[in-house]
Amino acid sequence: MASDDDPTILVFACNWCSYAGADLAGVSRLEMPPHCRVVRVMCSARVRPEFVIAALSRGLDGVVVLGCHPGDCHYSEGNYYTRRRALLLKELLEHVGIEPERFQLRWISASEGAKFAQTITEITGEIKALDGRREPPPEG
Amino acid sequence: MEQELREIVRKLLEEGAIEYFIGYAEGFEPLHTTPCFIERGEQVQALVWSPLCPYNLARYLHQMKNGAGKVGLVVKGCDARAIVELVKGNQIQRERVVVVGIPCQGQVDLAKLEDAFEGVEAVEGKGDTFLVTVGEKVHSVEKERLLREKCFSCRHPISFEYDFVLGEMSPLVYGSESEFAMVEELERLPVEERRAFWRAQFERCIRCYACRDICYACYCQECIFESKAPRWLEKTTTPLDNQTYHLIRAWHMVGRCIDCGECERVCPVGIPLRRLYKKVEKEVEQLFDYRAGMRVEDLPPLVTFAAEEPALSSRQDRSER
Ligand code: SF4
Ligand code: SF4
Ligand code: SF4
Ligand code: FES
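Protein chains in written order, with this note's numbering: chain S, 1 to 140; chain D, 1 to 321.
It is worth saying that the hints were derived from the structure and are not from the lab. Owing to the predicted nature of the structure, the values given are computational and were not obtained by experimental measurement. Heads up, the beta-carbon is just placed ideally off N, CA and C, and yes, glycines get one too. Keep in mind that the hints are not guaranteed to be accurate.
Rough simulated footprint, nothing fancy, chain S against chain D, three-plus residues with beta-carbon under 8 angstroms [claimed, not checked]:
| hint | segment |
| --- | --- |
| 1 | 242-250 |
| 2 | 281-295 |
Cβ-Cβ distance ranges computed for the label pairs, FRET-style [said to hold, decoys possible]:
| hint | chain 1 | residue 1 | chain 2 | residue 2 | range |
| --- | --- | --- | --- | --- | --- |
| 3 | S | Glu-122 | D | Pro-171 | 46 to 56 angstroms |
| 4 | D | Ser-176 | S | His-69 | 41 to 51 angstroms |
| 5 | S | Ser-111 | D | Ala-311 | 51 to 61 angstroms |
| 6 | S | Val-27 | D | Val-269 | 33 to 43 angstroms |
Generate coordinates for the entire structure from the input sequences, incorporating the hints supplied.
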């Protein structure tokens, strides 16, 4: 189960689907790692890549962006932009040595409480596995 | 070519067609030219051209945004891409710029030149060689030995309409190596080694912002790094702040960097910035089939999308589930 050396993960969840999914996971009392901080945004496209860069550079262990499934964005097309940005950003991060596990994009609908819990558990596990072989993040 | 250029500029100024002309002039010593601004016909003698004219003069077009008059400038084929992007980004109007294309056939890397010769007085291009004048002697050197790295992947915009050309504007074709070879070399390293590589580079950065300030594409009225609320960066040059700076700037170069190489050339501590921006350029090309500065009509990659994106789907599985 959760321990203090679990990685801290910043989760951006869009208001209309994924945040509701997270909420559902909560009210259903599903088990999941406690070291995740959920930030509600109106749409996954609200997450500026600069947020992700700043969070990871400051030493957060991972950033997850959650949005509505393609075709379901409340603003019709927000998540299509998110998809393009995320793919490119991941390449840039990887190029400077930030492992792809540390930045992930997933689609979670309002009814997918279980998927939310499972996603967070899975990603926490992946990052924990990396941390085992990593030196500490830069100081400062 | 210089004479022809001077005549064009003299005429433009005397007819009142432009307010001033941006070109290259002799600098403080033979190997350094400097950007110059010509305002009157009698000043045109100052204009020079040689393989020692690195500056991307389109950088100076930012300042005409709020004026009304016309400005002229001379561009190498590669720099013309900056004009395409500035027009696309509504920073300038094409009809307010008089563009003189100069058929550049390769620029010299000063470090390579200084390694090979001492006391160089002049360099001139001739076919596959550079003629290097040292005292009484003129050495003929294969271009390959002295070219700037970026000139090995010389690219001109496909459909650019120059107002004047001083010869045939065609790219220099050299070398068979992929222009992304240096990026691919890094890609082959394990992720920890890449991290160590970039950390060592970023550590040296003194955040003088020269790389941003020389960049034609950094025309934001308020740069994110100057913003006080929110504040993205501290003034300190900790590894944390430096990494944030470099990644955010690389992100801002998506679809805009034309690989003029000016950032890397001006960096006082020798950070290989092209290896960062070329990565972005490579992915933009492979994922979105987009190259900056080629055609004004091309839509930048992040302001558009398709519901089905086959080019993305092979990699998507990794990030999206
Ligand atoms: S020019 Fe070099 S030292 Fe100055 S901010 Fe850019 S990378 Fe850092
Ligand atoms: S670094 Fe970014 S915010 Fe700053 S001027 Fe360049 S593009 Fe604009
Ligand atoms: S990032 Fe560097 S190479 Fe790219 S356009 Fe700006 S100055 Fe030129
Ligand atoms: S509202 Fe959910 S992704 Fe746009």
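Each hint, compared with the structure:
no.: 1; hint: 242-250; result: holds (count 6)
no.: 2; hint: 281-295; result: holds (count 4)
no.: 3; hint: Glu-122/S with Pro-171/D: 46 to 56 angstroms; result: holds, 48 angstroms
no.: 4; hint: Ser-176/D with His-69/S: 41 to 51 angstroms; result: holds, 45 angstroms
no.: 5; hint: Ser-111/S with Ala-311/D: 51 to 61 angstroms; result: violated, 31 angstroms
no.: 6; hint: Val-27/S with Val-269/D: 33 to 43 angstroms; result: violated, 54 angstroms
The structure shown violates the earlier hints numbered 5, 6.
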